[in-house]
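Whenever a hint applies, use it, and build me the whole structure from the sequences.
So the protein lines, in turn, are chains A and B. Those letters in the first sequence? Residues 31 to 413, per this note's numbering, in order. Those letters in the second sequence? Residues 13 to 268, per this note's numbering, in order.
Just so you know, these hints were derived from the structure itself, not from any lab. Please note that a few of the clues may not be correct.
A few chain A residues that don't get close to chain B, going by computed Cβ distances all over 12 Å [what the hints assert, rightly or not]: (1) Phe81; (2) Glu251; (3) Val258; (4) Glu290; (5) Glu336; (6) Thr376; (7) Ile392.
Label pairs and their in silico Cβ distance ranges [stated by the list, open to error]: (8) A:Glu56 with B:Ile177: 42 to 50 Å; (9) B:Val255 with A:Glu56: 30 to 38 Å; (10) B:Ile177 with A:Arg34: 42 to 50 Å.
Just so it is clear, CB atoms sit at the ideal spot from N, CA and C, and this is done for glycine as well.
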Amino acid sequence: MDFRLTEEQELLLESLREIMARDCTEEYMKECNEKGEYPTRFINALSENGFGLLGVPEEHDGTPVDTMTMMLVAEEITKNGGPHFAFGQALSIVDMLEFGSEEQIADTMRAVKAGEVAFVLGFTEPQAGSDSSAIATTYTRKNGKVYINGHKTFMSNALRAPYMLCMARNADDAGNPDKMNAFSMWWVPMSAPGIKVERLHKIGWHMMDTCEVYLENVEIEEKDLVGVEGNGFKQVLINFEVERLLMAASVLGMAECAFEDAARYANQRVQFGKPIGTFQLIQEKITYMKIKIENMRNMVYRCAWEIDNKMPVQISSALAKLYCAQSSFEVIDDAMQIMGGIGYTTDTRISRLWLDSRVFRIGGGTDEVMIHAAGRAILKQYK
Amino acid sequence: MNIITCYKIVPEEQDIVVLPDRSLSFARAEWKIGQYDLNAIEAGMQIVEAAGGKVSALSVGDKQLENSKLKKGVLSRGPEDLYLVMDEQLENSDTFLTAQVLTAAIRKIGEFDLVICGEGSSDLYAQQVGAQLGEMLNIPTINGISKITPEGNKIIAERTLGNEIEVLEISLPAVVSVTTDINLPRIPSMKNILAAGKKPIIEWDLSAVGLQGVTKQTEVISTLAPENVERKKVIFEGESEEVIQKLFESIRKELL
Ligand SMILES: Cc1cc2nc3c(=O)[nH]c(=O)nc-3n(C[C@H](O)[C@H](O)[C@H](O)COP(=O)(O)OP(=O)(O)OC[C@H]3O[C@@H](n4cnc5c(N)ncnc54)[C@H](O)[C@@H]3O)c2cc1C
Numbered sequence: 031m032d033f034r035l036t037e038e039q040e041l042l043l044e045s046l047r048e049i050m051a052r053d054c055t056e057e058y059m060k061e062c063n064e065k066g067e068y069p070t071r072f073i074n075a076l077s078e079n080g081f082g083l084l085g086v087p088e089e090h091d092g093t094p095v096d097t098m099t100m101m102l103v104a105e106e107i108t109k110n111g112g113p114h115f116a117f118g119q120a121l122s123i124v125d126m127l128e129f130g131s132e133e134q135i136a137d138t139m140r141a142v143k144a145g146e147v148a149f150v151l152g153f154t155e156p157q158a159g160s161d162s163s164a165i166a167t168t169y170t171r172k173n174g175k176v177y178i179n180g181h182k183t184f185m186s187n188a189l190r191a192p193y194m195l196c197m198a199r200n201a202d203d204a205g206n207p208d209k210m211n212a213f214s215m216w217w218v219p220m221s222a223p224g225i226k227v228e229r230l231h232k233i234g235w236h237m238m239d240t241c242e243v244y245l246e247n248v249e250i251e252e253k254d255l256v257g258v259e260g261n262g263f264k265q266v267l268i269n270f271e272v273e274r275l276l277m278a279a280s281v282l283g284m285a286e287c288a289f290e291d292a293a294r295y296a297n298q299r300v301q302f303g304k305p306i307g308t309f310q311l312i313q314e315k316i317t318y319m320k321i322k323i324e325n326m327r328n329m330v331y332r333c334a335w336e337i338d339n340k341m342p343v344q345i346s347s348a349l350a351k352l353y354c355a356q357s358s359f360e361v362i363d364d365a366m367q368i369m370g371g372i373g374y375t376t377d378t379r380i381s382r383l384w385l386d387s388r389v390f391r392i393g394g395g396t397d398e399v400m401i402h403a404a405g406r407a408i409l410k411q412y413k
Numbered sequence: 013m014n015i016i017t018c019y020k021i022v023p024e025e026q027d028i029v030v031l032p033d034r035s036l037s038f039a040r041a042e043w044k045i046g047q048y049d050l051n052a053i054e055a056g057m058q059i060v061e062a063a064g065g066k067v068s069a070l071s072v073g074d075k076q077l078e079n080s081k082l083k084k085g086v087l088s089r090g091p092e093d094l095y096l097v098m099d100e101q102l103e104n105s106d107t108f109l110t111a112q113v114l115t116a117a118i119r120k121i122g123e124f125d126l127v128i129c130g131e132g133s134s135d136l137y138a139q140q141v142g143a144q145l146g147e148m149l150n151i152p153t154i155n156g157i158s159k160i161t162p163e164g165n166k167i168i169a170e171r172t173l174g175n176e177i178e179v180l181e182i183s184l185p186a187v188v189s190v191t192t193d194i195n196l197p198r199i200p201s202m203k204n205i206l207a208a209g210k211k212p213i214i215e216w217d218l219s220a221v222g223l224q225g226v227t228k229q230t231e232v233i234s235t236l237a238p239e240n241v242e243r244k245k246v247i248f249e250g251e252s253e254e255v256i257q258k259l260f261e262s263i264r265k266e267l268l
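Following this line, the structure appears as structure tokens:
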């Protein structure tokens, strides 16, 4: 096993650290977080230095790299206290590049090249969370046009993205029990009449908006269908494993960030006449935090390596997402414990990491859904 | 315009360890391109982007230069090719020997219009090499340059002198040393990094540049970190001129 990074990967991470030292200082992160503002300065800096097109195929003017490199970048951003959502669009646009029409691909790439979010992922609805097959948003054909009606919730970036990749079912086919073939993807301009967006109030992830989106008789065209009618679910499935892994890499970085802050603090903070790091109860925490970080990193890197070697990752990607989401929160929680009262204030970034990491156990497939995905597949191997 | 930018490989400051006998250990230090030399490379890149031409990078030193990541690192910042003079004799080279070897290398490279150096190396910061190099090449040499505008077969350069700006017209070929405020060095993207691996690297030893047997004229006898001193634990209270003067006086007394 060779755990060394390539020289190119090391240089890339050095570039990333240089960018972050200039445009993603803790002071800036704190300001964006407090004001609920998008970290535009950092996102632009990443984009200007080619990170927005990292992992995008060459035919779309990108710089293709392997999955491992993508994960290293995602990890490094959060490890340095940066926002997890700043990187990885190359992975979420794979569906569009694969199934989108020429025009839809052009729309997507225009945004990506400008460092902007191309689209809102329009899945979740009030009654359809883990159970996507309960999606009730419909499309109806009338007078040569297509009309979308429904209510999407937890729509990340709805206030800034120009399009929604909207999962909807055919209104004429409402009672269809067939889960795999009932849904189609539509490319809906967020500026279309009939769309209403309301920001949700979250406890964390303040730099990025997450919204309710109401769609009422939103008129689109036949050409706005993405891919093949009825293939919505199949089309989404082509890339979800690597997107899961990306979340695992991001939370890994957040745990490392909190861990390093806490370890430094443990060496500095004096109580009872000694640095608190000399107390065995603190050392125990530090040790187990480190073990969890090593485990997370091994799972993320290994799964990335499997993807790069075209091996199946149905189980390992679910395990990595599940384990990292849980362990990262545990590590950050222990880091807060080591920091004591100051860790609970907004003076330290531990408090932000604590709030921001918790949602990874819910979004992108809950812990329970990961178990559902992995558990059956693992047992099947022993049948 | 053909530009040669010179750079030095230096140890990462944070990795330098002060040993109990106050000497410095570089054993665990990562090596990197000198911080000020990045400004020189960037200055070269901006000139050729504005006026056409080509930037070559040049460094002289010992085996640290073999580090292939550092070679890619410098090329990822823009230069089209890289020249290295590597020789054990050049370990801890002094400024005179460095300038001598750079001169020989530049003569061997052949055609050039402008040589750009950083304002100093980020380890020893003697600020000597640029000036000595110009003298040895027998061409105009100016340091402290904070702006360069190419204009035909000369450059218009600016130097900041206190509140004044001196504007100079420098005929080419010339050697200039640039300050850190001349630019903000670009950050290499993955495209640049991947491209760097394919650029030509020309490696020479001392005999290849006709300098076999040269040695440095100076010898460093010791480099020691300042001795740790006890905290003075003197507290000055207030904001008046008088208090500030007292603080100043007592610091001054300590330093003298
Ligand atoms: C900040 C944020 C951003 C988001 N961004 C987006 C976005 O951009 N686009 C988008 O489409 N969605 C987005 N989501 C939605 C996210 O994908 C859902 O929250 C997630 O899928 C869970 O759905 P739910 O919240 O309705 O919970 P539910 O599905 O209602 O689950 C509630 C609980 O029941 C458990 N549960 C459900 N089914 C089972 C089962 N079969 N067995 C055992 N336990 C079960 C769950 O694990 C969970 O613990 C976002 C969510 C958040 C919080």
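Cross-check of the supplied hints:
Remark: the non-interface label on Phe81 (chain A) conflicts with the geometry, its nearest Cβ contact in chain B lying 7 Å away (cut-off 12 Å). For Glu251 (chain A), the non-interface assignment is confirmed: its Cβ lies about 37 Å from the closest Cβ of chain B, beyond the 12 Å cut-off. Even its closest Cβ contact with chain B, about 34 Å, leaves Val258 (chain A) beyond 12 Å, as expected for a residue assigned away from the interface. No Cβ of chain B approaches the Cβ of Glu290 (chain A) within 12 Å, the least distance being about 15 Å, so the stated non-interface status holds.
With a least CB separation of 22 Å from chain B, Glu336 (chain A) remains clear of the 12 Å interface cut-off, as annotated. Separation of Thr376 (chain A) from chain B is adequate, the least Cβ-Cβ distance of about 28 Å exceeding the 12 Å criterion. The claim that Ile392 (chain A) lies off the interface holds: its Cβ sits roughly 32 Å from the closest Cβ of chain B, which is beyond the 12 Å cut-off. The given range of 42 to 50 Å is broken by Glu56 (chain A) and Ile177 (chain B), whose C-beta atoms sit roughly 36 Å from each other.
About 33 Å separates the C-beta atoms of Val255 (chain B) and Glu56 (chain A), a value consistent with the hinted range of 30 to 38 Å. Under the hint 42 to 50 Å, the C-beta atoms of Ile177 (chain B) and Arg34 (chain A), about 49 Å apart, fit the expected range.
When each numbered hint is compared with the structure, violations occur for hints 1 and 8.
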